[in-house]
Amino acid sequence: MNRARKLVASISTLSTRRRTYSPSSSTFRTISIINSQTHHSSRRESFQPSSSAKPLCLRFSGREFSSGSSDTTSSSVCWNCGSSSEKAAFLFCDSCRSIQPIDDSVDYFQIFDLEKKYELDAGSLEGKYKDWQKKLHPDLVHNKSQKERDYAADQSAKVTEAYRTLTKRLSRAMYIMKLNGKNVNEEETITDPTLLMEIMELRETISEANDSKELDQIRSQVQEKLKQWSDSFVEAFESHRFDEAVKCIQRMTYYERACEEIVKKL
Amino acid sequence: MAEPAYTVASDSENTGEEKSSSSPSLPEIAVGIDIGTSQCSIAVWNGSQVHILRNTRNQKLIKSFVTFKDEVPAGGVSNQLAHEQEMLTGAAVFNMKRLIGRVDTDPVVHASKSLPFLVQTLDIGVRPFIAALVNNAWRSTTPEEVLAIFLVELRLMAEAQLKRAVRNVVLTVPVSFSRFQLTRIERACAMAGLHVLRLMPEPTAVALLYAQQQQMTSHDNMGSGSERVAVIFNMGAGYCDVAVTATAGGVSQIKALAGSAVGGEDILQNTMRHIAPRPDKEGSGSLRVATQDAIHRLSKQDSVQIEVDFGDGDAVSKVLDRSEFEEVNKNVFEECERLVVQCLRDAKVDVDDLDDVIMVGGCSYIPKVRAIVSNVCKKEEIYKEVNPLEAAVRGAALEGAVTSGIHDPFGSLDLLTIQATALAVGVRANGNKFVPVIPRNTMVPARRDLFFTTVHDDQKEALIVVYEGEGEGVGENHLLGYFKIVGIPAAAKGVPEINVCMDIDASNALRVFAAVLMPGSKSPVVPVVEVRMPTVDDGHGWCAQALSAKFGSALDLVTLQRK
Numbered sequence: 001m002n003r004a005r006k007l008v009a010s011i012s013t014l015s016t017r018r019r020t021y022s023p024s025s026s027t028f029r030t031i032s033i034i035n036s037q038t039h040h041s042s043r044r045e046s047f048q049p050s051s052s053a054k055p056l057c058l059r060f061s062g063r064e065f066s067s068g069s070s071d072t073t074s075s076s077v078c079w080n081c082g083s084s085s086e087k088a089a090f091l092f093c094d095s096c097r098s099i100q101p102i103d104d105s106v107d108y109f110q111i112f113d114l115e116k117k118y119e120l121d122a123g124s125l126e127g128k129y130k131d132w133q134k135k136l137h138p139d140l141v142h143n144k145s146q147k148e149r150d151y152a153a154d155q156s157a158k159v160t161e162a163y164r165t166l167t168k169r170l171s172r173a174m175y176i177m178k179l180n181g182k183n184v185n186e187e188e189t190i191t192d193p194t195l196l197m198e199i200m201e202l203r204e205t206i207s208e209a210n211d212s213k214e215l216d217q218i219r220s221q222v223q224e225k226l227k228q229w230s231d232s233f234v235e236a237f238e239s240h241r242f243d244e245a246v247k248c249i250q251r252m253t254y255y256e257r258a259c260e261e262i263v264k265k266l
Numbered sequence: 001m002a003e004p005a006y007t008v009a010s011d012s013e014n015t016g017e018e019k020s021s022s023s024p025s026l027p028e029i030a031v032g033i034d035i036g037t038s039q040c041s042i043a044v045w046n047g048s049q050v051h052i053l054r055n056t057r058n059q060k061l062i063k064s065f066v067t068f069k070d071e072v073p074a075g076g077v078s079n080q081l082a083h084e085q086e087m088l089t090g091a092a093v094f095n096m097k098r099l100i101g102r103v104d105t106d107p108v109v110h111a112s113k114s115l116p117f118l119v120q121t122l123d124i125g126v127r128p129f130i131a132a133l134v135n136n137a138w139r140s141t142t143p144e145e146v147l148a149i150f151l152v153e154l155r156l157m158a159e160a161q162l163k164r165a166v167r168n169v170v171l172t173v174p175v176s177f178s179r180f181q182l183t184r185i186e187r188a189c190a191m192a193g194l195h196v197l198r199l200m201p202e203p204t205a206v207a208l209l210y211a212q213q214q215q216m217t218s219h220d221n222m223g224s225g226s227e228r229v230a231v232i233f234n235m236g237a238g239y240c241d242v243a244v245t246a247t248a249g250g251v252s253q254i255k256a257l258a259g260s261a262v263g264g265e266d267i268l269q270n271t272m273r274h275i276a277p278r279p280d281k282e283g284s285g286s287l288r289v290a291t292q293d294a295i296h297r298l299s300k301q302d303s304v305q306i307e308v309d310f311g312d313g314d315a316v317s318k319v320l321d322r323s324e325f326e327e328v329n330k331n332v333f334e335e336c337e338r339l340v341v342q343c344l345r346d347a348k349v350d351v352d353d354l355d356d357v358i359m360v361g362g363c364s365y366i367p368k369v370r371a372i373v374s375n376v377c378k379k380e381e382i383y384k385e386v387n388p389l390e391a392a393v394r395g396a397a398l399e400g401a402v403t404s405g406i407h408d409p410f411g412s413l414d415l416l417t418i419q420a421t422a423l424a425v426g427v428r429a430n431g432n433k434f435v436p437v438i439p440r441n442t443m444v445p446a447r448r449d450l451f452f453t454t455v456h457d458d459q460k461e462a463l464i465v466v467y468e469g470e471g472e473g474v475g476e477n478h479l480l481g482y483f484k485i486v487g488i489p490a491a492a493k494g495v496p497e498i499n500v501c502m503d504i505d506a507s508n509a510l511r512v513f514a515a516v517l518m519p520g521s522k523s524p525v526v527p528v529v530e531v532r533m534p535t536v537d538d539g540h541g542w543c544a545q546a547l548s549a550k551f552g553s554a555l556d557l558v559t560l561q562r563k
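Chains as they are written, first to last, in UniProt numbering: chain P, 1 to 266; chain A, 1 to 563.
These aren't lab readings, by the way, just hints derived from the structure by calculation. Quick reminder that beta carbons are idealized off the backbone N, C-alpha and C, glycines included. Some hints could be false.
Stated by the list, open to error - With the Cβ distance kept under 8 Å, some of the chain P side facing chain A (calculated, not the full set):
(1) 122
(2) 126
(3) 127
(4) 130
(5) 138
(6) 153
(7) 224
(8) 263
As the list claims (entries may be wrong) - SDA-like cross-link-like pairs, simulated, lysine to any residue; straight-line CA separation at most 20 Å:
(9) 128(P) / 411(A)
(10) 134(P) / 351(A)
(11) 348(A) / 204(P)
(12) 178(P) / 85(P)
(13) 128(P) / 85(P)
Please build the complete structure, drawing on both the sequences and the hints.
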């Protein structure tokens, strides 16, 4: 009886927590408030320049990325000097050093010149991320035109988002699913009783753990689980068993949260 | 980035001096200023390296104080004190960085009441009354005014030496400063005729200097720009700050920041309290001078002899040893440790992956502080390539050159700082809870949003109250501003979707947007509200209470539970 009540209480806190902090969903949902009237903040207006013609609109779904089709990118042409580039991600013109407007068909993997694969070396992202920021960061384009500064703000934000998304296993998994046309609803409630039970127990162990040694131990266990599910995700994803892949993502979500909980307590 | 928006703190306040006319064709190199609680310095990129300016007495570190003894107030740049004690007669006002932008209920303000000038508090949430003793009368002033007087002297000194107008500046600030405090710094700069290009958290300025040094070293070795992770610990008289930076190819990416208003002044006051024979002697000027000196000597010796003659027959003669000193200041040292631990955890960096530990600021000379940091970071060796008292101003000068668009043929300015938010910004919701929209240590520029909904049926209006901080309850955080959204269509509670979006741009300007949506509709039902924050003024501690007294929970919000 007592235990059951505890279970219910925990589930409700778990679900509220999940909703309050849903970093990945809020980052995907790049809200854009576009106002065509004149105002001083160019940064805002330019956040999604493609829709700037619309009078006033909010978009919550974020940019939709077409799957596969953009692989065969045709050459892009620099708005400034007219030279063309064969690069997949044409953010910056190498011949005249001007920053290009955002191209929604460029996905996060292309930005980092990576294959569209889940497994990647997170360490290699950092270097490329910094290289991009040295070309695109708003701090470094003071002497350029307003138009180009707007492009810089957009591109730099996109590269940051790409970096953030691809660095973490969980958000990377969700993103690659999205590229394949599968939107993962991480808010979906878990119905599998065994998983529910496991989560409950895990939470209990975490809340009862007292010293950092114990917590560290739990953390490495959780991370091991995370790794396992991440591996299962790769398998499921590569063999196009998307429903199973979604399940893996859900489990990764829970273990990720458990990790956060542990770190908070440490 | 947006130049005009950054000039003046508020339109109701006039900028003290006319801006100097500089040639618009040549990019003016912004100077870097490190305004310390006790000492200031100013530096500039001279075309090939950072040059720290000296005052007429050949000092690079200039005491931060302003005396009001004559008709014209004079700051530490031009003013020569006959002796240390003169700063303690009540005519000089100092420690402004501890007081600026704080209300009279703040414990940091209360801790300043033992200073020789007047710090009067009424404990009602307004700015404290600050005054200097001039000819046996209290002449009132404000922290902004004192800082502005000092900055004018710094500016004039720099203009005389650089033989050009100086207008653009990069200033270093403590990590723990609220956005309201930052507006007060900008206000002081505007009064001094200076235009703020960037306010840089102190350890991030040091991080930029480190990034430059690392880049130069890797150039020399022809190595690839491999990433180096460093902890930067900065502790001066007023504040303790920590940053974790990941550096590669001249780019310093700030992984995490942590800071608190604890510093040498607290150590000094703890120690004075310990030494003073009676509580009424705790604020004595001679005791302050003697204790300060003893603390400095304790960094090199195991024990020191302290002699104070109060001049009224009372005297102190005491031996103070290190362990006693460390016991007296236990609270300060514990806070230092907590900050380093928290920062490492937030950065998700394992101590084994740390390449360097950098310690700067006056308090970094204290053996106990060094021991704590080196112990937490598990590093015996502290990075030696920076001067602890000059690193911040050098970094600020580098940032000044970079943001002024200066290029260096040798690549010395091929630098970039990717900042992180020091404090979370969010709104009041779910009762009196603080709900972060942009969490702390988010990469800047940042834009995040969250959905909220109404708490009453047919609730037509809602208050968006914006706070900054880390506390779970709103009361523990800094109020930044508030506005009301109106015209929410009649609907059952929980149905309208109120989107609150926050945007921090590269120059750290915060904008808050709020939009009302109804399920199914793609566009907002009323015009979107955009507010640049902070909007609060002095005495803002009252506003939240007044709002709560007037509206209760009638205009409340809760986070939206998606079905």
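Verification of the supplied hints:
no. : hint            : in the structure
1   : 122             : 12 Å, violated
2   : 126             : 6 Å, holds
3   : 127             : 6 Å, holds
4   : 130             : 4 Å, holds
5   : 138             : 4 Å, holds
6   : 153             : 7 Å, holds
7   : 224             : 17 Å, violated
8   : 263             : 6 Å, holds
9   : 128(P) / 411(A) : 19 Å, holds
10  : 134(P) / 351(A) : 28 Å, violated
11  : 348(A) / 204(P) : 24 Å, violated
12  : 178(P) / 85(P)  : 27 Å, violated
13  : 128(P) / 85(P)  : 19 Å, holds
Of the numbered hints given earlier, the model fails hints 1, 7, 10, 11 and 12; all others are met.
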